[in-house]
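Let's have the full structure, built from the sequences with the hints guiding it.
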Amino acid sequence: MPTLVLENLGKKFSDHVVASSVNMSIDDGEFISILGPSGCGKTTVLRMIAGLIEPSSGRILVGGKDITNLPPNARNIGMVFQSYALFPHMTVWENVAFGLRRKGVTGKDLGRKVDEALESVRLTGLGQRKPRELSGGQQQRVAIARSISPQPSILLFDEPLSNLDAALRDDMQIELRRIQREVGITTLFVTHDQTEAMSMSDRVCVMANGVVQQFASPEDIYHQPASSFVAGFIGRPNRVRCESTTTPDGARVVSLGRRTKIQFDQSESNSGNGVVDLIIRQEDIELSTDGGSLGGTNVVSAPATVSMRSFIGSKVQYLVDLEGAELLVTTPTNGPCAQLDVGASIFCGLKQDQIFLDDQRVVA
Amino acid sequence: MKSDRLGSIALAAVAFFVVAFLQLPIIVVLLAAISETSYLTIPPKGLTLHWFSVVLNDVDYLAATWTSLWLALLSTLAAAAVGVMAALMIHRKLLPGAQLLSSLFMAPMILPSIVLGVALLHYFAALGIRGSSLGLILAHTVLIVPYVIRASLSGLQSIDGSLTDAARVLGAGPIETFRLVVLPLLKPALVAGGLLAFVTSLDNVPVSIFLLGANQTTLPVKIFASVEQGVDPSVAAASTLLILLTGAALVIAERWTGFHKHV
Amino acid sequence: MNRLSSSGVALSAPLSLLLLLVFLVPLALLFPISLQPFQDGAAGSGLTLGNYSELVTDSFLRSVVVETLLLGLVVTLVCLVLGYPLAYYIVQATPRMRLALTLLVIFPMLLNVVVRSFGWIALLANRGLVNNLLRDIGITDAPIRMLFNHFSVLVGLVHVFLPFMVLMLIPAIQAIPKDVQNAAYTLAATRRRVLWSVTLPMSMPGILSGSILVFVLSISALVTPRMLGGGSYKVMATLIYDDFLQTLNWQAGAAMAFALTGMTMVLVFLSSKLLNKFGGNE
Chain A
1 MPTLVLENLG KKFSDHVVAS SVNMSIDDGE FISILGPSGC GKTTVLRMIA
51 GLIEPSSGRI LVGGKDITNL PPNARNIGMV FQSYALFPHM TVWENVAFGL
101 RRKGVTGKDL GRKVDEALES VRLTGLGQRK PRELSGGQQQ RVAIARSISP
151 QPSILLFDEP LSNLDAALRD DMQIELRRIQ REVGITTLFV THDQTEAMSM
201 SDRVCVMANG VVQQFASPED IYHQPASSFV AGFIGRPNRV RCESTTTPDG
251 ARVVSLGRRT KIQFDQSESN SGNGVVDLII RQEDIELSTD GGSLGGTNVV
301 SAPATVSMRS FIGSKVQYLV DLEGAELLVT TPTNGPCAQL DVGASIFCGL
351 KQDQIFLDDQ RVVA
Chain B
1001 MKSDRLGSIA LAAVAFFVVA FLQLPIIVVL LAAISETSYL TIPPKGLTLH
1051 WFSVVLNDVD YLAATWTSLW LALLSTLAAA AVGVMAALMI HRKLLPGAQL
1101 LSSLFMAPMI LPSIVLGVAL LHYFAALGIR GSSLGLILAH TVLIVPYVIR
1151 ASLSGLQSID GSLTDAARVL GAGPIETFRL VVLPLLKPAL VAGGLLAFVT
1201 SLDNVPVSIF LLGANQTTLP VKIFASVEQG VDPSVAAAST LLILLTGAAL
1251 VIAERWTGFH KHV
Chain C
2001 MNRLSSSGVA LSAPLSLLLL LVFLVPLALL FPISLQPFQD GAAGSGLTLG
2051 NYSELVTDSF LRSVVVETLL LGLVVTLVCL VLGYPLAYYI VQATPRMRLA
2101 LTLLVIFPML LNVVVRSFGW IALLANRGLV NNLLRDIGIT DAPIRMLFNH
2151 FSVLVGLVHV FLPFMVLMLI PAIQAIPKDV QNAAYTLAAT RRRVLWSVTL
2201 PMSMPGILSG SILVFVLSIS ALVTPRMLGG GSYKVMATLI YDDFLQTLNW
2251 QAGAAMAFAL TGMTMVLVFL SSKLLNKFGG NE
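Protein chains in written order, with our numbering: chain A, 1 to 364; chain B, 1001 to 1263; chain C, 2001 to 2282.
Just so you know, not all the hints are guaranteed correct.
Stated by the list, open to error - Think about it this way: if two alpha-carbon atoms lie no more than 27 Å apart in a straight line, the pair counts; the simulated DSS-like pairs of lysine-lysine are:
1. C:2234 x B:1093
2. B:1093 x A:12
3. A:113 x A:103
Stated by the list, open to error - Computed footprint of chain B on chain A, listed as stretches where at least three residues anywhere in the stretch have a Cβ under 8 Å from a Cβ of chain B:
4. 96-110
5. 190-199
In short, the hints are calculated from the structure, not lab data.
We put the beta carbon where it would ideally sit given N, CA and C, even for glycine.
The structure is reproduced here in structure tokens:
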């Protein structure tokens, strides 16, 4: 049976819906990220699971048991907060012991479990320090130790790495994953950083405007985005405003710059005259100096001129001009098109199934 | 600019004059308390601690001091208990009319205390409990609660909200969370509010003077009354004792917790 | 939260109960007393507005009310005139000086009003420090009457409330952005001009709230006017005191008390309205 099930979970404040129809089923030991821009509802969902916010609708089941109406202290869930929330007037040891004590663990048992928790985060020996005497990374680990020591069934993280500097963040991502795997605990991790979510998780839940956009493995999210929002949020997408017209037989024609027209079946999103945002990832555009060599069915060949070139290290990035539209394209440094000059004529190969159209122009 | 220079000097002069003016009567009281003569001169005609011993051996003064102290202590404790609870409710907006209730709780500060004094005099007389100690304590509590509430709210606001969230998620119930997490962190603010409340009660005349029983008096009321009979250096000594009591309370509180930010 | 939180009720109940029983009810019960007539040394029957109308019609009472208000006004003005320069100086002083001066301003506030008044008595009495000094130096022969008159009450009240004024002015002056003042310097070129045209107007919210606070406190003062004005000096508060404890005319005393309360409430209300209006002018 799945460890955590969210059934139609929703939260609404007098006039304004923060989350709606959130459905998720999470299995034992999975590491799930909830990813989305600020205000998308991800933290609200997390806090509803913890019991800190009361849902307006829906249920939460842990191990098959409905916990929706239980107060937070009865849920046996662990949570790591963005500010770590370490009790400043207690030592590290007392912080980690807090949850255990509430469960009635005392004496030798208590000592052993606290030491184990500290060991799993590699902070043995720092028990007598006060939180203010520790570095950011150490405080982070104490927060983790404190939340796992009472052996909860689920572990929640609320953007725990946003306060750390870049290098420490990378290290902590690996650390966190290691701890999680060692302890084997089902984990939900909220973040707005897609690299973080994609690199750490078994599955990613992308949210926007209070609604789940897609809940799938990182690969599926990347290669098969379920909505134009997801397509525009993941990876390094281009977003170009283009004109769109409808042909008599219902097909849709989008003009990318003055020289390229792309035709889509009427099944591709709502057709309509006017403007539409065209989304394609920088890394999905193939470059070629010879238009004919862009192979494959459903590949549009768009002529363009190079207007800028940047050397990024492992990749080269071009800004190309399609007369009325601009695209950023990245190509490997060792590839055939890495040495193009500004002003050079080029062809961009765009795979039709990697192009997404956004009529609502939902900007991430 | 010449006029600016002159202006600066004038400004500094006024500022220091005003500050000196503010300290003047205090110095005079201290001087009077140790002067041998019952009238004051500069320099004093002789120094003595005689007046202190007069006061400290005077049964009436001692009784008045004792009354002031237990009254201030008990009403401060009551105000602390009741005030912290109210502050918690206001801070977490647990009731829909929290802001309105907050204004009501602070009302005793706006009302002239003499009006409260006479209203309570009439009330206690009507109830037949005029001069009761309990009534006096309750009156002082009402008077000083706003200081506790104000300081508590300031303290509560400086506590990171996620601390109570964390405690709850870790298994602590609401009362446990308050006892283990909020209260220890609220200590400096509580001490600040409590101190201000204590001193306000200690110094109060406009309420106490109407509610004291026949054989009861507090130190400030006694000094107030005895001045009508003429200036006597023992009054200065008693005043000095009051100054020292206040100062001691301040120092103890500051030492115990660095509380100056919550006043 | 739509339903009434039980913990919210539990937390505010004790104080609410206390305020109800020991604050609101007593005030409500006193009010009818103010409407009772006072005849031949005792409460009469029936209701009357006489006690209130007397405050305006009776020449003695009217003069007491007017004097109280005038006293309040003068005290407020003096506090403003003395307090503003001090506040201004503190704001632009070095941090150490600022801390020292602020402590010296706060310290007297913590002392009992009774003690402070006593200090002024010792200073201003006929055989007090000032007179003794003047006589010793040879400036005067007979003592100057400085106590138990308007002068001593004024000095005493200013001394008590000046710190309040200063503490309210300091944040108001501090809030004026430095670059606004600097910009004004380049245009106006003298310190005095800047003070008049920029600093004073922009610290108006503080001036107003400080003034209203001092005024309200001054007109309600009991101890200082009584001690420094003597038994025959009358302000509203001392009149109330006499009514309740001396002549036992609780009816008149209650009316005076509510009149005082009414004035206070109106002023506090006005002050919050004015502050809202001025606060937006940043």
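Given the hint that residue 2234 (chain C) pairs with residue 1093 (chain B), does the C-alpha gap stay at or below 27 Å? 46 Å, violated
Given the hint that residue 113 (chain A) pairs with residue 103 (chain A), test it: the Cα-Cα distance must not exceed 27 Å. 12 Å, holds
Distance restraint between residue 1093 (chain B) and residue 12 (chain A), which requires alpha-carbon spacing of 27 Å or less: 19 Å, holds
Three or more residues of the segment 96-110 of chain A near chain B by CB distance under 8 Å? Answer holds; 4 residues pass the 8 Å Cβ test.
Chain B covers the segment 190-199 of chain A, three or more CB atoms within 8 Å, holds or violated: violated (count 0)
Going down the numbered hints, you'll see the structure goes against 1, 5, while the others check out.
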